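Q: Sequence:
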Amino acid sequence: MLLLALDTATPAVTVALHDGTDVVASFAQVDARRHGELLLPAVDRLLAGAGLRLDAVTAIVVGVGPGPYTGLRVGLMTADTFGLALGVPVHGLCTLDGLAYASDLDGPFVVATDARRKEVYWARYADSRTRLSGPAVDRPADIADEVAGLPAVGTGALLYPDVFPDAHEPAHVSAAALAALAAERLAAGEELPAPRPLYLRRPDAQVPKNYKVVTPK
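Residues 1041 to 1257 (this note's numbering) make up the sequence shown, in order.
By construction, these hints were calculated from the structure, which means they are not laboratory data.
Quick caveat: nothing in here was measured; it's all calculated off a predicted structure.
It cannot be assumed that every hint is accurate.
Unchecked claim - Now the in silico label distances, taken between C-beta atoms and shown as ranges:
1. LEU1232 x ALA1181: 15 to 23 Å
2. GLY1127 x PRO1081: 19 to 27 Å
3. GLY1089 x LEU1190: 15 to 23 Å
4. GLY1127 x ALA1188: 19 to 27 Å
5. GLY1147 x LEU1124: 35 to 43 Å
Positions of the beta carbon are idealized from the N, C-alpha and C atoms, including for glycine.
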């Protein structure tokens, strides 16, 4: 097994290789405006550094969000393209699940990432492997009662200390955590879902109202 994992659902561009036992190599860079520019070179460097070729990959793992439309689709389209080119399966995992897995928290907690517009993408977990509810997108103040007293991880939690006073790292998802979680589930015989983007709201770009067609008839 050689899993290639990637995620662009947060400001982090993150890539990892996992051989079914351990993470072979990983890369992460936080830059919300350069997902498309950074992702493919990161994959090339990662494979070259590990002394491997792309055709050694046996499956792709990609974070499906939730996240902003533009960034999220970079990772999803890249994963689908690799899967088609290599003829290997492409598995989707919730980005928040990767953050939860990396947290190593045992008791109930919350994962929250920055959704912009003064909102967070969030979900509740029983432990680092078990999601209880979500994901959802809300204003932090609107969920204050639901998350009161719970530890939290993710950039969203760190941005709003009044609502998440017990906030911890990691801030961004790691492809290494996604790969390790996928490898663990595959080894247990679980069938991982195909990647379906978790778009929890409409994209910022909209067709203007009263749009006029200007092409000639």
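Q: Each hint needs a verdict: does it hold in this structure or not?
A: Cross-check of the supplied hints:
1. Range check, LEU1232 to ALA1181: about 35 Å between beta-carbon atoms, so the 15 to 23 Å window is missed.
2. Remark: the range hint 19 to 27 Å for GLY1127 to PRO1081 is upheld by a beta-carbon distance near 24 Å.
3. Here the CB-CB span from GLY1089 to LEU1190 is close to 38 Å, at odds with the stated 15 to 23 Å.
4. The hinted range of 19 to 27 Å is not satisfied by GLY1127 and ALA1188, whose Cβ atoms lie roughly 49 Å apart.
5. For GLY1147 and LEU1124, the hinted distance range of 35 to 43 Å is satisfied, since their beta carbons lie about 41 Å from each other.
Going down the numbered hints, you'll see the structure goes against 1, 3 and 4, while the others check out.
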